[in-house]
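Trainee: Sequence:
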Amino acid sequence: MSRRGETVLNYAVLTLFAVLAVFPVLGVVFSAVTPPAQSSPSFTVPHSLYLGNFATAWQQGHFGTYLRSSLLVAVVTVLLTSVLAILAGYSFATFRFPGRGVLFAVTLVGLMVPAEAFVIPLYFDLRGVGVTDTYWALILPQTAQSLGFGVFWMRNFFRSVPSSIVEAAQLDGAPDFTRLWRILVPIGRPALLTMAMLVFMWTWNEFLLPLVMVTSDGLRTAPLGLTFFQGQHTTQFSLLAAASMVVALPVVLLYMFLQRHFIRGMLAGALRD
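Each residue of the sequence shown is one higher than the one before, starting from 298 at the first, in my numbering.
If you're looking for bench data, these hints aren't it; they were derived computationally from the structure.
Any given hint might turn out to be false.
[Claimed, not checked] Across the chosen pairs, the derived CB separations fall in these ranges:
id : residue 1 : residue 2 : range
1  : Phe504    : Gly427    : 46 to 56 Å
2  : Pro343    : Leu368    : 26 to 36 Å
3  : Thr532    : Val316    : 27 to 37 Å
4  : Val310    : Arg424    : 18 to 28 Å
5  : Gln527    : Ala441    : 26 to 36 Å
6  : Gly324    : Asn502    : 42 to 52 Å
7  : Thr312    : Ala465    : 46 to 56 Å
8  : Phe394    : Phe340    : 52 to 62 Å
9  : His530    : Val310    : 45 to 55 Å
10 : Pro333    : Arg300    : 47 to 57 Å
11 : Gly407    : Ser337    : 37 to 47 Å
12 : Pro483    : Phe340    : 39 to 49 Å
13 : Val322    : Trp355    : 39 to 49 Å
Here a beta-carbon is modelled for each residue, glycine too, at the ideal position from N, C-alpha and C.
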């Protein structure tokens, strides 16, 4: 096959997958702006735009409270994970100490153990110390879940930094703390933002832990609130589509805002691997 034929085939395959990916999203968007009288579970192009579904979903679903809870949990989880992953990743990449390989392997276990495997004993442990039905019952487990990936990600970044940069800082008398926070972290902003965005997305979309750990309506996160809203409006498809867009919008906006840094961080990670 000629080079031109390969190019045409590649674009055809990519176009097909793009259509398959975009088609369900368009279905949700069209359904969200469809008047309730025309609401249908199938793909429907509305005859006229109706934005009242968003206002109705916002008021009836209490999504202001749920989004605030999700934002608080996600932001605190990202901050804790980022700080701990930077410190642990720098230690694993720089220092030599007994048992380093074993400890790093134990840290990576968090990447392989699903939440379903430990959520019940975790609930009893957290209830024993009195933190269930609080934000900490969501923040601490999700930080622990994300830490395995964060440590692995930041360790790879620190190992990829040219040794000449670190050696120059050492010759200038910079201590480890200064080398880490004033030299390595600033130049690793794409990798750090990529990790933060992925952790934010995983935390935002988490469903099982909020379902088990909290019972108060004011502590429910957006995905959990969407599930309860769906149970109350099973056949109101336009309303459900609008609520789904409200819940997904923060992650979409975050990705659009950090897209350039995200792509740079992912490409850098691929090149390092």
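Trainee: Hint by hint, note whether the structure agrees.
Mentor: Verification of the hints:
1. Phe504 with Gly427: 46 to 56 Å: This hint is violated: roughly 24 Å between Cβ atoms.
2. Pro343 with Leu368: 26 to 36 Å: Once the Cβ atoms are compared, 31 Å apart, the range 26 to 36 Å for Leu368 and Pro343 holds.
3. Thr532 with Val316: 27 to 37 Å: holds, 29 Å
4. Val310 with Arg424: 18 to 28 Å: violated, 51 Å
5. Gln527 with Ala441: 26 to 36 Å: holds, 29 Å
6. Gly324 with Asn502: 42 to 52 Å: For Asn502 against Gly324, whose Cβ atoms are near 20 Å apart, the range 42 to 52 Å is violated.
7. Thr312 with Ala465: 46 to 56 Å: With Cβ atoms ~48 Å apart, the hint holds.
8. Phe394 with Phe340: 52 to 62 Å: Check passed, 58 Å falls within 52 to 62 Å.
9. His530 with Val310: 45 to 55 Å: With a Cβ separation near 39 Å, His530 and Val310 fall outside 45 to 55 Å, so the hint is violated.
10. Pro333 with Arg300: 47 to 57 Å: holds, 53 Å
11. Gly407 with Ser337: 37 to 47 Å: holds, 43 Å
12. Pro483 with Phe340: 39 to 49 Å: holds, 47 Å
13. Val322 with Trp355: 39 to 49 Å: Given a distance of about 21 Å, which is not inside 39 to 49 Å, the answer is violated.
Figure legend: structure checked against the earlier numbered hints; hints not met, in rising order: 1, 4, 6, 9 and 13.
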